[in-house]
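Protein chains: 2
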Amino acid sequence: MLVDHRTGDDAGVYLLQDGLALVQTVDFFTPVVDDPEAFGAIAAANALSDIYAMGARPLTALSIAAIPEKDFPMDWAAAIFRGGLGKLREAGCALLGGHTVRDPEIKFGYAVTGVVEPERMLTNAAGKAGDVVVLTKPLGTGVIATALKAGQAPEEAALASQRSMATLNRIPAAVAQRHGVRTATDITGFGLAGHAAAVARESHLSLELRLADLPLLPAARELAPGFQPSGLKMNRQHFAPLVEDRAAEDEPLRALVYDPQTSGGLLLLVPEAAASALLADLPQARAIGRAVPAGPRAIVLI
Amino acid sequence: MLVDHRTGDDAGVYLLQDGLALVQTVDFFTPVVDDPEAFGAIAAANALSDIYAMGARPLTALSIAAIPEKDFPMDWAAAIFRGGLGKLREAGCALLGGHTVRDPEIKFGYAVTGVVEPERMLTNAAGKAGDVVVLTKPLGTGVIATALKAGQAPEEAALASQRSMATLNRIPAAVAQRHGVRTATDITGFGLAGHAAAVARESHLSLELRLADLPLLPAARELAPGFQPSGLKMNRQHFAPLVEDRAAEDEPLRALVYDPQTSGGLLLLVPEAAASALLADLPQARAIGRAVPAGPRAIVLI
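From first to last, the protein sequence lines stand for chains P and S.
Residues in the first sequence are numbered from 1120 upward in steps of one, following my numbering.
Residues in the second sequence are numbered from 1120 upward in steps of one, following my numbering.
Since the hints were derived computationally from the structure, they do not count as laboratory data.
Cβ coordinates follow ideal geometry from the N, Cα and C atoms, glycine included.
Keep in mind that a hint or two might mislead.
[Stated by the list, open to error] Reference listing, derived: stretches of chain S covered by chain P, where coverage requires no fewer than 3 residues with Cβ under 8 Å from a Cβ of chain P:
hint	region
1	1138 to 1150
2	1204 to 1218
3	1353 to 1361
[What the hints assert, rightly or not] Lysine to aspartate or glutamate pairs mimicking EDC-like chemistry, simulated, CA-CA at most 20 Å apart:
hint	chain 1	residue 1	chain 2	residue 2
4	P	LYS1247	P	ASP1222
5	P	LYS1268	P	GLU1341
6	P	LYS1226	P	GLU1238
7	S	LYS1226	S	GLU1188
8	P	LYS1226	P	GLU1236
9	S	LYS1189	S	GLU1238
10	P	LYS1226	S	ASP1222
11	S	LYS1226	P	GLU1224
12	S	LYS1189	P	ASP1222
13	P	LYS1189	P	ASP1222
14	S	LYS1352	S	GLU1363
15	P	LYS1226	S	ASP1369
16	S	LYS1226	P	ASP1222
17	P	LYS1247	P	ASP1190
18	S	LYS1268	S	GLU1236
19	P	LYS1268	P	ASP1154
20	P	LYS1226	P	ASP1194
21	P	LYS1189	S	GLU1224
22	S	LYS1352	P	GLU1327
23	P	LYS1189	S	ASP1222
24	P	LYS1189	P	GLU1236
25	P	LYS1226	S	GLU1188
26	P	LYS1352	S	GLU1188
27	S	LYS1226	P	GLU1188
28	P	LYS1226	P	ASP1190
29	P	LYS1352	P	GLU1341
30	P	LYS1226	P	ASP1153
31	S	LYS1226	S	GLU1341
32	S	LYS1189	P	ASP1194
Let the sequences and hints guide you as you build the complete structure.
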């Protein structure tokens, strides 16, 4: 076993034989969008994301589903599975089986297995001072989902968020490996602050993040004051002590640093010499900061 | 992919490279016993069972848990995980991670990955007429769990059932492979009749089962008339058309043929010449019948 449930990494890693490791992860959750097919696709992209964040290639998946017995149209269940299967196919990942239970609350997700050569693995621990911090998707899925539940999300924001969550992290992971990146994580429930702090800790660095340069989903900034999910508040309580705040920016942006993401982007630590070529290959990605020698706090907002 | 979600086999199989296949399965369920540590152990033994039923060696597991937020002692949750971990250790299986959600209804289980050389795999499809049908655990866990919920299970029966469900199918699988067995399945939710019918269908055989020789948990026969789980009735409705009933035995025994099992035993089709040596190596196992050329029904009760 190379990485197990006790580390802060994105997935477990098991050395199967010389030069070949299994990478495994499991995630499932309640619907984050209204469209059942999109929900299935997002659940798959989200589960696959941990595999990509380790630099691995997904091979197989097992579905995990909880479907209500009553008042739930069977074609919705079929649409959820269809959305997931389409996304697995896009990833070249085979569905080997699954388990479905009856439950009043819908839940859906996957256990995913990938493979990686151990020396090509992306971890949280290989960053160097001077590395450029890159984020490959915009922030705000938690705030927008909360506004959506309240019927207050503009359609453009809801659709952009749905599209972003359903996008695989496959290409950014492949591009990052091609440019010599060794340090990556995916941004999920702990938000940018929580996941960036884990990378900083494991790499014995601090990360300076430029608030003004954070990529945001449409309307995320406007919705942030009024629609903070409980996870955002918990993240802020938990991670704010790890953050030194020197930024002149306004409060909504600061809140989004803690917004829990579903199927968020990759956070990459990119060797300085490779940064501009990597950014040219990933038009959606943004340079948002820089790794510096470890200071008193893991994260410095500037 | 060798076996996927569309076949009747116990787990999915993915050919990783020449001579090495991954075998994967996922299962989780609500508590079947009162003791949380025993529940965890049973959930692990049950999930591992599909791996053993394919002749594979378990390598890694991911836990899947739903834990109530309110009115649930945290040391119960710890006991469930501890019971599962102990059983994984007994199986030599590494816990790589997991996912836990808050949910009013407790659920627990695992996604498990094993490895097997494809030519050593146990399937449903390799049985021959003349093979001896062997069952490695006694029947009755569904009936006893139903009586337990009603407060009507004798303590001896409840404990024997708990012990049986927590027992790994590792040794029977290894012994079966050593004696040249190629056809096996594990008895779970569809009961003896349902799983035996799948083996009969895939092997193009019928299976004659001797009702009087079925191994039973203590008190299972006495409890069967009064404590039939809904799964038993559904199995009977579904599988009775596949069963030709020539037996002189009484109704309680007949009902137990359809009793859904949790972490049940292996059903083996054993070449006749190997049967007595195999039975000598597996003192808990019983010869319960014989494979015959395919007749009009998959199962014949005699």
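Results for each hint:
Look at the region 1138 to 1150 of chain S against chain P: 7 of its residues bring a Cβ nearer than 8 Å to a Cβ of that chain, three or more, so the hint holds. Chain P is given as covering the region 1204 to 1218 of chain S, and this holds because 6 residues of the stretch bring a CB closer than 8 Å to a CB of that chain, at least three being needed. Under a criterion of three residues with beta carbons nearer than 8 Å to beta carbons of chain P, the stated coverage of the region 1353 to 1361 of chain S fails, only 0 such residues being counted. Our distance criterion of 20 Å between C-alpha atoms is broken by LYS1247 of chain P and ASP1222 of chain P, whose separation comes to about 47 Å.
In summary, the hint linking LYS1268 of chain P to GLU1341 of chain P is supported, as the alpha carbons are separated by about 16 Å, within the 20 Å threshold. Restraint check for LYS1226 of chain P and GLU1238 of chain P: the C-alpha separation of about 35 Å exceeds 20 Å, so the hint is violated. Taking the CA atoms of LYS1226 of chain S and GLU1188 of chain S, the gap is near 13 Å; set against the 20 Å cutoff, the hint holds. Taking the CA atoms of LYS1226 of chain P and GLU1236 of chain P, the gap is about 33 Å. The hint is violated against a cut of 20 Å.
Of the pairs offered as hints, the one joining LYS1189 of chain S and GLU1238 of chain S is violated, with about 50 Å between alpha carbons and a cut-off of 20 Å exceeded. A threshold of 20 Å between alpha carbons decides the hint, and for LYS1226 of chain P with ASP1222 of chain S the separation of about 10 Å falls inside it, so the pair holds. As the CA atoms of LYS1226 of chain S and GLU1224 of chain P are separated by approximately 13 Å, the hinted pair is consistent with the 20 Å bound. About 18 Å separates the Cα atoms of LYS1189 of chain S and ASP1222 of chain P, which keeps this hinted pair within 20 Å; it holds.
As the CA atoms of LYS1189 of chain P and ASP1222 of chain P are separated by approximately 9 Å, the hinted pair is consistent with the 20 Å bound. For the hint linking LYS1352 of chain S to GLU1363 of chain S, the alpha-carbon distance of about 18 Å falls within 20 Å, and the restraint holds. At roughly 43 Å between alpha-carbon atoms, LYS1226 of chain P and ASP1369 of chain S are farther apart than 20 Å, so this suggested pair is violated. In summary, the hint linking LYS1226 of chain S to ASP1222 of chain P is supported, as the alpha carbons are separated by about 10 Å, within the 20 Å threshold.
Taking the CA atoms of LYS1247 of chain P and ASP1190 of chain P, the gap is about 54 Å. The hint is violated against a cut of 20 Å. Of the pairs offered as hints, the one joining LYS1268 of chain S and GLU1236 of chain S is violated, with about 42 Å between alpha carbons and a cut-off of 20 Å exceeded. Restraint check: the Cα-Cα separation between LYS1268 of chain P and ASP1154 of chain P comes to about 13 Å, which is no more than 20 Å; the hinted pair holds. Pair hint LYS1226 of chain P plus ASP1194 of chain P holds up; C-alpha atoms about 16 Å apart against a cutoff of 20 Å.
The suggested pairing of LYS1189 of chain P with GLU1224 of chain S holds, with an alpha-carbon distance near 17 Å, which does not exceed 20 Å. Of the supplied pair hints, the one linking LYS1352 of chain S and GLU1327 of chain P is violated, its CA atoms being roughly 63 Å apart against a limit of 20 Å. Restraint check for LYS1189 of chain P and ASP1222 of chain S: the C-alpha separation of about 18 Å stays at or below 20 Å, so the hint holds. Note on LYS1189 of chain P and GLU1236 of chain P: the hinted pairing is violated, with a Cα-Cα distance of about 46 Å set against a maximum of 20 Å.
With a C-alpha separation of about 17 Å, the suggested pairing of LYS1226 of chain P with GLU1188 of chain S holds against the 20 Å cut-off. For the hint pairing LYS1352 of chain P with GLU1188 of chain S, the CA-to-CA distance comes to about 18 Å; that is within 20 Å, so the pair holds. Restraint check for LYS1226 of chain S and GLU1188 of chain P: the C-alpha separation of about 17 Å stays at or below 20 Å, so the hint holds. With a C-alpha separation of about 15 Å, the suggested pairing of LYS1226 of chain P with ASP1190 of chain P holds against the 20 Å cut-off.
For the suggested pair LYS1352 of chain P and GLU1341 of chain P, the alpha carbons sit about 17 Å apart, so the restraint of at most 20 Å is met. Our distance criterion of 20 Å between C-alpha atoms is met by LYS1226 of chain P and ASP1153 of chain P, whose separation comes to about 13 Å. Using a Cα cut-off of 20 Å, the hinted pair LYS1226 of chain S and GLU1341 of chain S is violated, with the two alpha carbons roughly 30 Å apart. Using a Cα cut-off of 20 Å, the hinted pair LYS1189 of chain S and ASP1194 of chain P is violated, with the two alpha carbons roughly 33 Å apart.
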